[in-house]
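Here the sequence shown is numbered in numbering that gives the first Met the number 0, starting from 0 and rising by one per residue.
Calculated from the structure, these hints are not laboratory results.
Just so we're clear, the structure is a prediction, and the values are computed from it rather than from any experiment.
Some clues are possibly wrong.
Below, a list of computed lysine to any residue pairs in the SDA-like style, where the Cα atoms sit at most 25 Å apart [claimed, not checked]:
| # | residue 1 | residue 2 |
| --- | --- | --- |
| 1 | Lys-128 | Val-142 |
| 2 | Lys-20 | Glu-182 |
| 3 | Lys-20 | Gln-125 |
| 4 | Lys-119 | Glu-86 |
| 5 | Lys-141 | Lys-168 |
| 6 | Lys-230 | Val-116 |
| 7 | Lys-141 | Ile-192 |
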Amino acid sequence: MQIAVCDDEKVYLDCLSRKIKACFKEFEIEISLDKYLNAVSFLEQHNQNPYDVVFLDILMPEMNGLDVANRIRNLSEKTIIIFITTENHLVYESFDYRPFNFIPKDLDIFDQKLRSVIGKLMFFLQTSKTLCFDLPYGEIGKVTVGDIIYICSRSNYIDIICKSNVMLKIRSTIDNISGMLPEQHFARTHNRIIVNLNHIQRIDYPNHIVYLTDSNQAEISRRYKNSLAEKYKKFIRETT
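From just these sequences and the hints, can you work out the full model?
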C-alpha cells in the first residue's frame, strides 16, 4: 500500500509518520510511506504515481489541504483522503472532497484516534474487495466480500449467501473458500460453516445459534464455540 503524509510542520510530520508505520505494522500490513513538507511537491509526485492513502494537513501555507484534496479528486476518486486538523470547523468544508475520516491534532487522543481510523480503513479495504467464482455453463459469479453473510458447505458444493437474498452455488471446498477471505472478518462456527462477523446480529451460545443479517441463522458446534467468541470480541474492539 502506497501512503503519503503531507504536513508543513516537520516535527509533527516525522512524529505522525512514525506512528502511522507502527500502527500498520500492528495490523500486519506492509506499506510504503513518503513524507512531504509542502503540497506542491506532494502533488507533483501524486500526479505521476497516485497514492492509495493520503494523510493531509488542512492548514498549510501556499496551498491548503482542501485545495490539495480538490486536485486529488479531479485526478481520481480512488485515493483515500484522511484529514489532519486543529480546526474542527473546517471539517464541514471538507465534505465536498469525500474524505474517509479525520484525525485531530490533539496529543491526548491522537494515538487512539489514529488506531481507530486505520482499523476502519483496513475494514473498508478488505470488505470492498470483489471475489470471482466459476459458475456452471462457463459463467462467472462476482460478490463483494462485505456482502457475504455466511458460507455453507453441502457435499461437493458451497453455498455463498449474500445480502438481499442473493446466493451463489459453486463447486469448491470450505477450506478453499476460507483462504480467499480476510481472516479478521470471518470465522468458522462449524466444520461446514463460515460466517461474516460484521453480519452477526446476536450469538445464542446456550442454543448454539448465530443470528445473522436478513433473518439468516448458522449453527455453532462445540469445537468452534470458544474460538468464535474470542474472534468476535476482537472484531468488535477493532471496528468500533
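(request) Taking the numbered hints from earlier one at a time, note which ones the structure violates and give those numbers from smallest to largest. (result) The structure breaks none of the hints.
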